[in-house]
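Positions 22 to 979 (the working numbering) are the ones given, in order, by the sequence shown.
In short, the hints are calculated from the structure, not lab data. It cannot be assumed that every hint is accurate.
As the list claims (entries may be wrong) - Pairs of lysine to any residue residues, derived as SDA-like cross-links and limited to a Cα-Cα distance of at most 25 Å, are as follows:
no., residue 1, residue 2
1, 903, 808
2, 903, 722
3, 602, 565
4, 935, 601
5, 978, 948
6, 602, 560
7, 979, 560
8, 935, 978
9, 813, 847
10, 978, 523
11, 602, 934
12, 978, 661
13, 602, 933
14, 903, 932
15, 393, 410
16, 884, 840
17, 216, 104
18, 813, 946
19, 495, 454
20, 978, 951
21, 495, 477
22, 393, 409
23, 979, 959
24, 903, 957
25, 978, 592
26, 602, 959
27, 935, 592
28, 978, 647
29, 978, 608
30, 935, 957
31, 903, 723
32, 393, 356
33, 495, 476
34, 393, 363
35, 602, 685
36, 978, 909
37, 978, 614
38, 903, 825
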Amino acid sequence: MKNIKILLLLLLASTGHGQSLSPRATATDGGRATGGGVSLSYTIGETFNSKLSANNQQLTQGQQQPEIDLRVGMAQASLCPGTSFFVPYTASGYVDASNTFTVELSNATGSFANPVVIGSVSSMVSGTINATLPTGIIGNGYLARVVSSNPSRISGDLVSVTVNANYTITASAGNNGSISSAGATELSCDGTESKTYTITPDAGYLISTITVDGSSATALTSGSYAAGGTYAFTNVNGNHTITVTFVLGCSNVALASATATATAICSSSTTTLTYSGLTGGNASVTWTANADGTGATYGIGSPSNEVGPGTYYAYATGDCGSPVSIVVTVIPTTGSEHTTTITACESYDWNGQTYTASGLYTGATTNCVTEKLNLTITQRSTPNFTQVAPICPGASLNALPTTSTNSISGTWLPALNNTQTTEYTFTPNAGVCASTTMLTITVYPITTAPSAQAQTFCNGATIAQLTAVGTQLKWYAVASNGSPLVSTTALSAGTYYVSQTLNGCESTRTPVAVSIASTPPIVSNTFYVTSNTNIGDLFGYNSIYSVYASLNAPTALAQTTALSNGNYYATQTQNGCESAKTQVTIVTYAAPTITSPTCGSTLNAITAPVTATAVTNATNYLFEITGNGSTRTYFSSTNSFNLTQLQGTNAYNTAYSIRVAAGFNGQLGNFGSACSLTTPAVANTTQVISSMCGTILASMTTPIYCGQIVNAQAYRFEFTTGGVSRNIDSATNNVQINNLTGGAAYGTAYSVRVAAQVAGSWQAFGTACTVTTPAASTQIRTNQCGITLANKWSILYCSAVTGATAYRFEWSNGGTVLTYSSTTSNMQLGNYTGWAINTTYSVRVAVQFGGTWQAYGSACNVKTPATFARQNAEETVSFTVKAVPNPFETDYVLMAQGGNQTPVQVAVYDMLGKQVEQFSVEASELENRSLGTNYSSGIYNVMISQGDDQQVVRIIKK
22 MKNIKILLLL LLASTGHGQS LSPRATATDG GRATGGGVSL SYTIGETFNS
72 KLSANNQQLT QGQQQPEIDL RVGMAQASLC PGTSFFVPYT ASGYVDASNT
122 FTVELSNATG SFANPVVIGS VSSMVSGTIN ATLPTGIIGN GYLARVVSSN
172 PSRISGDLVS VTVNANYTIT ASAGNNGSIS SAGATELSCD GTESKTYTIT
222 PDAGYLISTI TVDGSSATAL TSGSYAAGGT YAFTNVNGNH TITVTFVLGC
272 SNVALASATA TATAICSSST TTLTYSGLTG GNASVTWTAN ADGTGATYGI
322 GSPSNEVGPG TYYAYATGDC GSPVSIVVTV IPTTGSEHTT TITACESYDW
372 NGQTYTASGL YTGATTNCVT EKLNLTITQR STPNFTQVAP ICPGASLNAL
422 PTTSTNSISG TWLPALNNTQ TTEYTFTPNA GVCASTTMLT ITVYPITTAP
472 SAQAQTFCNG ATIAQLTAVG TQLKWYAVAS NGSPLVSTTA LSAGTYYVSQ
522 TLNGCESTRT PVAVSIASTP PIVSNTFYVT SNTNIGDLFG YNSIYSVYAS
572 LNAPTALAQT TALSNGNYYA TQTQNGCESA KTQVTIVTYA APTITSPTCG
622 STLNAITAPV TATAVTNATN YLFEITGNGS TRTYFSSTNS FNLTQLQGTN
672 AYNTAYSIRV AAGFNGQLGN FGSACSLTTP AVANTTQVIS SMCGTILASM
722 TTPIYCGQIV NAQAYRFEFT TGGVSRNIDS ATNNVQINNL TGGAAYGTAY
772 SVRVAAQVAG SWQAFGTACT VTTPAASTQI RTNQCGITLA NKWSILYCSA
822 VTGATAYRFE WSNGGTVLTY SSTTSNMQLG NYTGWAINTT YSVRVAVQFG
872 GTWQAYGSAC NVKTPATFAR QNAEETVSFT VKAVPNPFET DYVLMAQGGN
922 QTPVQVAVYD MLGKQVEQFS VEASELENRS LGTNYSSGIY NVMISQGDDQ
972 QVVRIIKK
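With the sequences and hints as input, model every part of the structure.
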């Protein structure tokens, strides 16, 4: 880019005259302005303002000229040392007439710290510079540039210069001669130069060898080996060497010997002529028919020098000296034949060849005796054998035949193997023209036994119903031997064995445990159903049980069959197994309905009884009450109840829909039609619910409920006994008597009244109700009274008391009183001392409650064991369990009698065999565990086991 600086000169005058400025102005230029008798001088870089008044104003020289821009017109060059070349350049801008453009060369690393000038030209304009590289430099790191002297500038770009090495020819000569330019001669690397060497033998010598670049070169460019000559290298583009040796010239020819391979040969054969020991300058040998070298000639070298009987001359000549010859005579000999007759298998090697076809063959001739072969070739046979069928592992194998079906004898290897597939090789006997052959006997893999699980079937199941994973299954009654069972064989409980067969090979047998599920028949009973009930509407029909019209009816009643009074036959199904038919009686009845108060009326009190129609044979009634956002139920032993007997809150001035179903010893019928009754508009008083009045509490912690009052903030329970009253206030409608300040007395009747707090005010107490606390005493279980303990580890139980922290057992025999304390409601004599064997004791039990020992309960006689030793078989009280209540609505408990102190295992199954609950519990805690809250309605089997004792209890959730 041109950099132009401009000086602006402003001339302010009434008249002005312009002037052209010189293009040659320099940085030091200036000028002078004159006018009106005034003269002003200026230099470049000053601001000049003229206000000359005269009309002859004048401005001389006053501007900055453009700077020079210098460029090289080539990017790279590849040259030889000392080579001249032209460097083009361009220069723009002002250049002084005294300027010189110079080409400078860097060092081998591209540094211009000490540049070498390789060319220059005096010029003001663009052009070329003739440059010459120094000699003795080689490399590719050199750079060249162009510089100017006036003004002093360096080109804005550089030339990359590669300096290649020149080529060298090294010449040398042996003794007795010379070669010109001996030593190393350097030639330009551009491949345009040539070099000619003159080779001169000394007197009496000849050129012997010329070696160029390690190889023999026989031709001279000019001249001869005898007189000498030249050898030229043209357009040399690489390094070369030339070496010359010399020999004495014009020596006598000598020939040591000449022979034939055989001087006596068969008339039909040929021999080879040879010679040795030839000497003399450039000597050569020619085989001729005459001693003087005339007549027929015979070439040297195969095959033209193979000749028959006759006389031959080895004729030797040279550059100087007399020729010589040696005579060789070949004498003919009469030949004969020798024939050998051979019969061979498949091929025969003879005379260095292999023959595969029959025929008469001619071989070598030795001492004029020609060998001949009369050959008969027999083709090799392939032994044939019958394929052996595959076998099962371990099956017997017959020995393989040693003679093939096409009568070839031989042997087999390896030995027979009946456990795995093996390839056997048959080798024919020696001298038999037959090939080896292979025979593979397949041994099937060992068949694995099928997999199978234990299986359970109903009565009447057959072998055909057994299952296992495998192919071609066979079922047996025994683990080995025996015959397969036919598919129609009836199953019985026990172990069966199954095998599978693959490739005709039967596996070992897998044992399969088979259980026969025997479903007990339904107990003959009377069942109560509401009139016009379709049997399909009853829970569990055709899944848990089925009903037939007669004992021999093939199919169960249809779902739409309406039941009527009479006898039917029913079965039950457990785990998919249907029981035998049992006669049952169906009694129909009208569904009960509410009769009092009148439906649609309002109760006169929250405690007013609600009565339904009585149903013949009904043992209880289930009332269903829906209203105030919830549905509640209540079981009553009579056909009547009141709302205060319900759990939860009863709303006042609220309509409730009430319906009732009749129960028959655990059976529950359909609900009758609903009846709407409305509660009173305003609450008055509340009291203990009627179902608890007059009862004995199960424990001191049993909740005592009162009827709920809408919007009640709290309830005050007043307990009175012996003229002393104490209160318990509760935020809920229930309390526990053990929370009385000072505690409650066991076995004591309390008069209980309840008052409600509404809007911060306590209301009047309601009607009193008597509740009795439980007795604190306990005693030995009645089923153990009067027994003799089997051994000192036999467990003696007393009835457990809820809340008791310890039990004290008193043993008395009239003269001695022993007491033993236990944290559980049982004891074993083996844990104590002081008692006598084979002695009857009167045993009483007291409980510790609240840190105080209570009074002893009733006495019971128990006899100690006859010995201190533990017997091998301990006698225990029979282990029995009952479910209470059964049927149940919400939950039930298991009550155990007898047994021992070992834990009890409980598992519950529905009628489809699905396990719904399983747990283990200490025997003493079993009856304290509530069960069944998460069960769906239906029938369940509860399996209870303790040690070797096991019992099944069937329960029904409504």
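Status of each hint after checking the structure:
1. 903 - 808: Holds. Residue 903 to residue 808 sits at ~23 Å (cutoff 25 Å).
2. 903 - 722: holds, 24 Å
3. 602 - 565: holds, 14 Å
4. 935 - 601: The hint holds at about 23 Å.
5. 978 - 948: holds, 18 Å
6. 602 - 560: Since the Cα atoms of residue 602 and residue 560 sit roughly 19 Å apart, the hinted pair holds (cutoff 25 Å).
7. 979 - 560: With Cα atoms ~10 Å apart, residue 979 and residue 560 stay inside 25 Å; holds.
8. 935 - 978: Distance ~16 Å between residue 935 and residue 978 Cα, so the pair holds.
9. 813 - 847: Measuring from Cα to Cα gives roughly 13 Å; hence the hint holds.
10. 978 - 523: violated, 53 Å
11. 602 - 934: Given pair residue 602, residue 934 holds - Cα atoms ~21 Å apart, limit 25 Å.
12. 978 - 661: Distance of about 23 Å is within 25 Å: holds.
13. 602 - 933: Distance of about 19 Å is within 25 Å: holds.
14. 903 - 932: Distance of about 19 Å is within 25 Å: holds.
15. 393 - 410: Violated, at about 52 Å.
16. 884 - 840: Roughly 16 Å separates the two Cα atoms, so the pair holds.
17. 216 - 104: holds, 19 Å
18. 813 - 946: With a Cα-Cα distance of about 24 Å, the restraint between residue 813 and residue 946 holds, given a limit of 25 Å.
19. 495 - 454: violated, 52 Å
20. 978 - 951: Answer holds: residue 978 to residue 951 is near 14 Å, not above 25 Å.
21. 495 - 477: holds, 19 Å
22. 393 - 409: violated, 49 Å
23. 979 - 959: holds, 7 Å
24. 903 - 957: Since the Cα atoms of residue 903 and residue 957 sit roughly 20 Å apart, the hinted pair holds (cutoff 25 Å).
25. 978 - 592: Roughly 20 Å separates the two Cα atoms, so the pair holds.
26. 602 - 959: holds, 21 Å
27. 935 - 592: holds, 20 Å
28. 978 - 647: Within the cut-off at roughly 21 Å; holds.
29. 978 - 608: holds, 22 Å
30. 935 - 957: holds, 13 Å
31. 903 - 723: holds, 22 Å
32. 393 - 356: Within the cut-off at roughly 13 Å; holds.
33. 495 - 476: Satisfied, since the Cα-Cα distance of roughly 16 Å is no more than 25 Å.
34. 393 - 363: holds, 11 Å
35. 602 - 685: holds, 22 Å
36. 978 - 909: Roughly 5 Å between the alpha carbons, so the hint for residue 978 and residue 909 holds.
37. 978 - 614: Between residue 978 and residue 614 the Cα gap is close to 23 Å, so the pair holds against 25 Å.
38. 903 - 825: holds, 24 Å
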